[in-house]
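Colleague: Sequence:
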Amino acid sequence: MTFSLQAPMIVHQKMNSTKVKTRFAPSPTGYLHLGGARTALFNWLFAKRHNGSFVLRIEDTDEGRNTDEACEAIIKGLNWLGLNWDEGPSQNLEKGEYHQSQRQGIYEEYLERLGNLDLIYDEDGATRFKVPKGEINFHDQICGPQSINLSTTGSKAWDKEKGTEIETNPDFIIRRPDGTFLFHFVNVVDDIEMQITHILRGEDHLTNTIKHVALFNAFEKEPPVFAHIPLILNNDGSKMSKRDAGSGIEWYKDNGFLPKSLINYIALLGWSPKDDREILETNQIIELFDFDHLNNSNSRFDLDKAKWINSQYIAKLQDSDFLKVAKEYSEGAPDELTLLTKSRINCLSDIADVLAPIMDESFPIDESSMAKIQSKHETKDHLKSLMDKFEKIEHWTSENIKEALQKHASEIDQKLGSLMFPLRVCATGVGQGTDLMPTLESIGKDDTVKRINKRLGKIFPTNCSDE
RNA sequence: GACCCGUUCGUCUAGCGGUUAGGACUCCGCCCUUUCACGGCGGCAACACGGGUUCGAGUCCCGUACGGGUCGCCA
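Under numbering that gives the first Met the number 0, think of the first position of the first sequence as 0, with each following residue one higher.
Everything labelled a hint here was simulated from the structure, so no lab data went into it.
It is possible that some hints are incorrect.
The list that follows gives simulated cross-link-like pairs (lysine-lysine, DSS-like), each with its CA atoms no further than 30 Å apart [stated by the list, open to error]:
1. Lys341 to Lys401
2. Lys259 to Lys220
3. Lys444 to Lys401
4. Lys306 to Lys323
5. Lys453 to Lys391
6. Lys323 to Lys444
7. Lys375 to Lys444
8. Lys388 to Lys457
9. Lys379 to Lys453
10. Lys341 to Lys238
11. Lys401 to Lys315
12. Lys375 to Lys406
13. Lys161 to Lys252
14. Lys304 to Lys252
15. Lys315 to Lys47
16. Lys306 to Lys326
17. Lys259 to Lys94
18. Lys371 to Lys414
19. Lys47 to Lys94
20. Lys304 to Lys323
21. Lys259 to Lys323
22. Lys444 to Lys391
23. Lys220 to Lys18
24. Lys371 to Lys326
25. Lys315 to Lys252
26. Lys449 to Lys401
27. Lys391 to Lys375
28. Lys273 to Lys47
29. Lys379 to Lys457
30. Lys449 to Lys383
31. Lys220 to Lys238
32. Lys220 to Lys241
33. Lys75 to Lys326
Derived DEER-like restraints, expressed as beta-carbon distance ranges [as the list claims (entries may be wrong)]:
34. Ala156 to Gly178: 43 to 53 Å
35. Glu134 to Ser240: 47 to 57 Å
36. Glu286 to Glu166: 21 to 31 Å
37. Gly162 to Glu93: 45 to 55 Å
38. Asp117 to Ser240: 37 to 47 Å
39. Arg64 to Ala355: 23 to 33 Å
40. Asn115 to Asp177: 38 to 48 Å
Here the structure is a predicted model, which is why all the values come from computation and not from measurement.
No residue lacks a Cβ here, since even glycine has one placed at the ideal position from N, Cα and C.
Sequences are here, hints too, so could you generate the full structure?
Modeller: So, in C-alpha cells, the structure goes:
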C-alpha cells in the first residue's frame, strides 16, 4: 500500500461527489446494548437515506477486554434487528480485515508517517502523539461549533480518588509498549482508510473528537462530518449500565419484542418525524432521517412505551404471521386459542401468562375474585343449574354456549354480564382473559363442566353451611 | 475541579417571536362488548429559575441551578 499526502478535500466537493459512508464501530467487550443499537441504527438510517453504504468495524484492539462471545452477540443483535452492513465481518465470525486486531500493518504504516512528520515520541516504550498548540475546531451537526485547545485543556486531569486536579501530559498515547495501538489512533486511521464520510455516535465522544480532528489534520485529511447524538439514560435518569433490565438487545428478543418495533422505539429516542406519527415503517423513517430531525438532549428509556409500540406491531400482524412468531411462546396451545391472545399482549412472552389459566385445569383461584363471588351466595346455584344446561349442549361451540348462557340468564332473571364473571373465574381461576365463549369452546365441554364444579366446591365449601 | 452538551406534562416529543402550548405512553373516567381486553371519547399533567432584547419570548442573549458527558498505556 502506498500513501500520498493529499491536499485536504473541500467540504462541499465532498458532499456532492463522495458517496456517503457511515460505520458502526463497537468494541466487543459485552453484549449489544440499547445505546449501541441506536447508534448503529442511526448510522444505518443515514446511509440508507443518502443511498450510501454502512460499515461494521470491530474495534478489538484491547486484547484483555475483548471476547469472541461479545463479538458474536453484537453481530447476532444487529442481524436480529435487521441492520445489515455493506462492508464488515462475515457472518461466520472469522476475524478479517474489519477487525482492528487484524490491521496492525496498516497502523504501523500510518505511525511511520507521523514519525516522518516528527509528530510522535517515545515514552517508556509507549508512543505519544504531539498535540498541536492552539485551538482545534470542528462543526458538529448536532452540538454546533466546537473549539478546544488540547495543549492547555489536555494538560490537566482530575484525580477522582483525591478529588484534585493534577498535571498531565496533553500528548496522548497512541501505541502501547507491546506495539498494539489505541482507540483514538486506530479509529481515525480506519475512518480514513475506509473513507468514512459521516460519523454519528454518542455524545460521550464529543470531547474526544478534538483529538481525532488533530489526527485527521496531522494526516492532512479532511475529517468526516460529525454528529454526536445525546445519550439514552435509565428511567430514573441514571446512566444505563449492563445490569439494568432491558439494557441489552438480547432481552428484547427473549421477551418477545418484534425487531421492527424495537427499531421504531429506539428511533424515537433522539429522533422525531416532527409530526404526530409514532408508529412508522422503517422506510418512512429512512425518508425523514436527517440531522435536523435529531434532537440534542438526553432521553430516558421507558419500557412501558416500548411495550405499547410492540403491542401495536403485534396487533398489525396477519393471523398466520402472528401464529408463526407466537409458536415458541404458546406452549403447544391450539392455534385458535393462541389467536385469542393477540389483542391482549404487549410482548409475545405475555402469551404464556394469558394462556396458563386456560391450559392448566387446576390453576389457583385468584383470591379477590373468589371473595367477590362468595359475597353472592346464589351464584352457586346459578352456576350449578347452568352446568345442567351445559351438559345438554350437543355441539359444543361458542355460539351454542352463548345461547345456553342467555337462556339461563333470562330464566333466573339475571343479566348475562353478572354470570360471566363467576363463570370465567370458575373455568379458569382468574377474572380476566381471552374471549370467554371461544375459550370455553376450546377447553371442551367435559373439562369446562368438571373445572367449574370443582372450583365451585372450593369457593363454596359444603361443610360451611349455606342454609 | 476544568472543559463540553443539554433543560417543554412523570416519560418520549411537536413548537423554530404572537398557539386556548399539540400528540403519544402511563394513570383516571365514560362509551362499546350483556364479561375481561382491544377500540372510541374525555380528563389530570409541562415551558427549571433570574435578568435582559422586543410592542410581544417556551422560542433570541446573559447569568444561576440542575442533569449528563469528557479529562486512561478503555472504547
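Colleague: Does each hint fit the structure? Answer for all of them.
Modeller: Do the hints match the structure? See the list:
The suggested pairing of Lys341 with Lys401 holds, with an alpha-carbon distance near 22 Å, which does not exceed 30 Å. Straight-line distance between C-alpha atoms of Lys259 and Lys220 comes to about 38 Å, which puts the hinted pair past the 30 Å bound. Taking the CA atoms of Lys444 and Lys401, the gap is about 13 Å. The hint holds against a cut of 30 Å. Between Lys306 and Lys323 the CA atoms are separated by roughly 20 Å; this keeps the pair inside 30 Å, and the hint holds.
For the hint linking Lys453 to Lys391, the alpha-carbon distance of about 19 Å falls within 30 Å, and the restraint holds. Of the pairs offered as hints, the one joining Lys323 and Lys444 holds, with about 28 Å between alpha carbons and a cut-off of 30 Å not exceeded. At roughly 25 Å between alpha-carbon atoms, Lys375 and Lys444 fall within 30 Å of each other, so this suggested pair holds. With a CA separation close to 21 Å, the supplied pair Lys388 and Lys457 stays within the 30 Å bound.
Distance restraint check for Lys379 and Lys453: the Cα-Cα separation of roughly 12 Å lies within the 30 Å cut-off, and the hinted pair is therefore satisfied. Taken as a hint, the Lys341 and Lys238 pair is broken in the structure, with Cα atoms around 34 Å apart against an allowance of 30 Å. Distance check on the hinted pair: Lys401 and Lys315 sit about 29 Å apart at the alpha-carbon level, within 30 Å; holds. Taking the CA atoms of Lys375 and Lys406, the gap is about 21 Å. The hint holds against a cut of 30 Å.
With a C-alpha separation of about 43 Å, the suggested pairing of Lys161 with Lys252 is violated against the 30 Å cut-off. With a C-alpha separation of about 17 Å, the suggested pair Lys304 and Lys252 falls inside the 30 Å cut-off, and the hint holds. Restraint check for Lys315 and Lys47: the C-alpha separation of about 25 Å stays at or below 30 Å, so the hint holds. Our distance criterion of 30 Å between C-alpha atoms is met by Lys306 and Lys326, whose separation comes to about 19 Å.
Distance check on the hinted pair: Lys259 and Lys94 sit about 29 Å apart at the alpha-carbon level, within 30 Å; holds. A threshold of 30 Å between alpha carbons decides the hint, and for Lys371 with Lys414 the separation of about 17 Å falls inside it, so the pair holds. Distance check on the hinted pair: Lys47 and Lys94 sit about 26 Å apart at the alpha-carbon level, within 30 Å; holds. With a C-alpha separation of about 24 Å, the suggested pair Lys304 and Lys323 falls inside the 30 Å cut-off, and the hint holds.
As the CA atoms of Lys259 and Lys323 are separated by approximately 16 Å, the hinted pair is consistent with the 30 Å bound. With a C-alpha separation of about 10 Å, the suggested pair Lys444 and Lys391 falls inside the 30 Å cut-off, and the hint holds. Under the criterion of a C-alpha separation no larger than 30 Å, the hint pairing Lys220 with Lys18 is consistent with the structure, at around 17 Å. Taking the CA atoms of Lys371 and Lys326, the gap is near 35 Å; set against the 30 Å cutoff, the hint is violated.
With a C-alpha separation of about 19 Å, the suggested pair Lys315 and Lys252 falls inside the 30 Å cut-off, and the hint holds. For a cut-off of 30 Å, the pair hint linking Lys449 to Lys401 stands: about 18 Å separates their Cα positions. With a C-alpha separation of about 26 Å, the suggested pairing of Lys391 with Lys375 holds against the 30 Å cut-off. Distance restraint check for Lys273 and Lys47: the Cα-Cα separation of roughly 20 Å lies within the 30 Å cut-off, and the hinted pair is therefore satisfied.
A hinted pair counts as satisfied when its Cα atoms are at most 30 Å apart, and Lys379 with Lys457 qualifies at roughly 11 Å. In summary, the hint linking Lys449 to Lys383 is supported, as the alpha carbons are separated by about 11 Å, within the 30 Å threshold. Note on Lys220 and Lys238: the hinted pairing is violated, with a Cα-Cα distance of about 35 Å set against a maximum of 30 Å. Taken as a hint, the Lys220 and Lys241 pair is broken in the structure, with Cα atoms around 37 Å apart against an allowance of 30 Å.
For the given pair, Lys75 sits about 21 Å from Lys326 by alpha-carbon distance, which is consistent with the 30 Å threshold. At about 25 Å, the CB distance of Ala156 to Gly178 disagrees with the hint of 43 to 53 Å. For the pair Glu134 and Ser240, the beta carbons lie near 35 Å from each other, so the given range of 47 to 57 Å is not met. For Glu286 and Glu166, the hinted distance range of 21 to 31 Å is not satisfied, since their beta carbons lie about 52 Å from each other.
Roughly 47 Å separates the CB atoms of Gly162 and Glu93, a value that falls within the hinted 45 to 55 Å. In this structure the supplied range 37 to 47 Å holds for Asp117 paired with Ser240, their Cβ-Cβ distance being about 43 Å. Arg64 and Ala355 have their C-beta atoms about 42 Å apart, which leaves the hinted 23 to 33 Å range violated. For Asn115 and Asp177, the Cβ-Cβ distance of about 23 Å falls outside the hinted range of 38 to 48 Å, so the restraint is violated.
Going through the hint list in order, the structure does not satisfy hints 2, 10, 13, 24, 31, 32, 34, 35, 36, 39 and 40.
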